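Visitor: Residue-level listing of the chains:
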Amino acid sequence: MSINTNEITLLLLEDDDIDAMAITRALDKMNIGNNIIRACDGLEGLELLRSGAVPSPYIILLDLQMPRLSGLEFLEEIRQDPVLDKSIIFVLTTSKSDEDITASYKKNIAGYFLKENVGEEFLDIVKMLKGYWKIVLFPEI
Amino acid sequence: MEINDAQDARQKMLYSSHLRGFHWLILSLSVILTTAAWFVTTEQVHERAAERFERESLQVIELVKERMKLYEHALWGAVAFLDANKSELTDQQWKDYSNSLQIDRTYPGINGLGVILNITPEQRNSFIETQQATRPDFSIHPTHEESELWPITYIEPALSNEQAIGLDVAFEHNRYTGIKKARDSGLAQLTGPITLVQDAKQTPGFLFYAPFYKKGMAHDSVNARQSSIEGVAYAPFIMYKLISGTLAIDKRLVTLEINDNGQGLYNDLDSNETAEIDAKPLFTDKITVDFYGRKWQFVISSNLSFRKDSHSNQPYFILASGTTLTLLLLALFIVLSRASKQALTYADDITRELQINAQHLTKSNQDLEQFAYVASHDLKSPLNAIQKLVNWISEDCENILPDSSKEHLALLKNRTIRMNKLLDDLLDYARIGRHDFAPQELDLKATAHEVFSLLDHPKTFSLSVTEQLLLIPKTPLEIVLRNLISNAIKHHDKTSGHIEVLYKEEHGMHHICVKDDGPGIPQALFDKALEMFQTLKPRDKVEGSGMGLSLSKKTIEHYGGTLTIESDGVNGTSVIITWPMASKTTK
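Sequence order for the protein chains is A and B. With our numbering applied, the first sequence covers -16 to 124. With our numbering applied, the second sequence covers 58 to 644.
Pairs of lysine-lysine, PhoX-like flavour, derived with a Cα cap of 20 Å:
{"#": "1", "chain 1": "B", "residue 1": "LYS478", "chain 2": "A", "residue 2": "LYS98"}
{"#": "2", "chain 1": "B", "residue 1": "LYS445", "chain 2": "A", "residue 2": "LYS98"}
{"#": "3", "chain 1": "A", "residue 1": "LYS79", "chain 2": "B", "residue 2": "LYS478"}
{"#": "4", "chain 1": "B", "residue 1": "LYS437", "chain 2": "A", "residue 2": "LYS79"}
{"#": "5", "chain 1": "A", "residue 1": "LYS12", "chain 2": "B", "residue 2": "LYS445"}
{"#": "6", "chain 1": "B", "residue 1": "LYS437", "chain 2": "A", "residue 2": "LYS98"}
{"#": "7", "chain 1": "A", "residue 1": "LYS12", "chain 2": "A", "residue 2": "LYS113"}
{"#": "8", "chain 1": "A", "residue 1": "LYS79", "chain 2": "B", "residue 2": "LYS531"}
{"#": "9", "chain 1": "A", "residue 1": "LYS110", "chain 2": "B", "residue 2": "LYS445"}
{"#": "10", "chain 1": "B", "residue 1": "LYS470", "chain 2": "A", "residue 2": "LYS98"}
Listed next, with one range per pair, are the computed distances between beta-carbon atoms:
{"#": "11", "chain 1": "A", "residue 1": "ASN17", "chain 2": "B", "residue 2": "TYR430", "range": "31 to 41 Å"}
{"#": "12", "chain 1": "B", "residue 1": "TYR430", "chain 2": "A", "residue 2": "ALA93", "range": "26 to 36 Å"}
{"#": "13", "chain 1": "B", "residue 1": "LEU425", "chain 2": "A", "residue 2": "PRO38", "range": "42 to 52 Å"}
Anything over 12 Å on all C-beta distances counts as not near chain A; from chain B, calculated:
{"#": "14", "residue": "GLN101"}
{"#": "15", "residue": "ARG105"}
{"#": "16", "residue": "ALA377"}
{"#": "17", "residue": "ILE407"}
{"#": "18", "residue": "SER421"}
In case anyone wonders, no lab produced these hints; they're calculated from the structure. All values derive from a computational prediction rather than experimental measurement. No residue lacks a Cβ here, since even glycine has one placed at the ideal position from N, Cα and C.
Input sequences plus hints: build the corresponding full structure.
Guide: Below is the structure:
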């Protein structure tokens, strides 16, 4: 099944405005015009997903430290959701903690990235995403 | 292990702070030994006294026996004299005999020595007449119913025995029975207790008879003796006089009482010297001895002198010493246990204080680390945001901004990077205690080169490392090596340099030395170099958080090692770290 990469939505769960801006800027810089939806915390993210505001196919970029519903709690919820449990999720956080890394992978995330490691202006992660969704097969949601 | 040792020591102290079974055992043994020693000594003392009493008793009886034997000899001497005398005995002859015998000196205790003749009632008058030829006062008295007469005919000394002259001893049962027994047996015999007529004090006494028979006649049977009896030699005795002399009270350690068939013959109680008599004698013995036809019962009791002589303080001394020793032991045990108890209480108090202090310290250390961790972590996010915003401004406004503002933005960027580094190091520092890394096999040379290659350094710097396989926690060693090598490069005063990592093993410790050929550190600044946030040069000249050395030091010390600086201040610096061998670090 081939998908037009332009149709892929990027759901950004990030409480930090500047980090969110950095992602947006990086996408702009790479001339990627995909649809970006941003939620400020896990709860808002879940609501958006469940209300159908996020069109499939989508990729979730998840921060761990967030108010109300943290990244790990969001993962817990979504993996129990019969519809959303197949979502592709990347974690992008400042936490180097082994516990966080392990807990996240146990919830079947597609990758764990440290904000400080994804290159100046988050360009590396955007490059990675661009490459990733060019070749990856998406689940039916 | 240390905790166990301390617990053991505490248990021992707790154990010794109570009087235990073996303490009581020792005390009981002491009491038992004391009692036994006391008992044995008492028994010995008693036994010695008993032996002595027996000896004393026998001696008294022996002395009485000896006396009686002596008197018997006197009587048989008199009998021999009478037998040898061919003519009729006269008063004068008897007097002479007695005088030459010197009876009062030869036979102390004797009251006199006399002759009693046996006559028939028919011979009475002619007998009196014969006697009156020399002694006109002579008469036979008193009268009685018996068929024979036994008048005391001669007695010396006559003066003290005057009342006895002419006394017919057949008048009274004891005297008569005694004399008949002597006659029939042919042996010396005693009478039962009587009161002598010549004794003004009327005290008990007795007569001692030895029979003599008609000359030339056989007296080998009772009948023959009865028909041939002539008379008896006799001696009267007053008992207390017999006893006084060799048997005087003050010469004995025993009180004496002599009975004859239940009748009292002698009793010390009757004498004037009763001071020595013991109301409750230690020993009393009754011995019955056959004495010339009589049975004399000697009742012998120990007296006060005996009590005094046989008294021994030894048992009491032993008892007192033993008891004192036991009490001293008890006191010693109590003092020891109390000392242990006090020491224990003291130690417990100190331990409790220390524990509280340690808890406080651990808590505040944890708080501090937690704070450092949280602070540095939370500070990073806004800093990252600032960094990004600065970048965006520089990018977006590159054509608008004047050069000075661009320079300021560059400085701003530089400072945020420095602060980022500072926070990273602070995070590392706070994390040291949060995770214990297990020792693992690693190649020192490979590890050092890997660290070296990851460091941003000019190509003109080189590194040489001792080849060595180590069993050591990898991550902490990497942190230390990274900081030390990075310092060596960063603080080098020349554009090229050589860094050596040397290894040796000493006293069960790894010794790793990171040596450079840089400018060195003056000795006065060694301490400063190890302090947190201290840099020896302005940060604008040499980029640094000032935490490298202190971070390394804390890391090493966390694993039980040490870090020291060696430098002459001119020719390079050596940082020497020691690290315990893995076997010793396993907890």
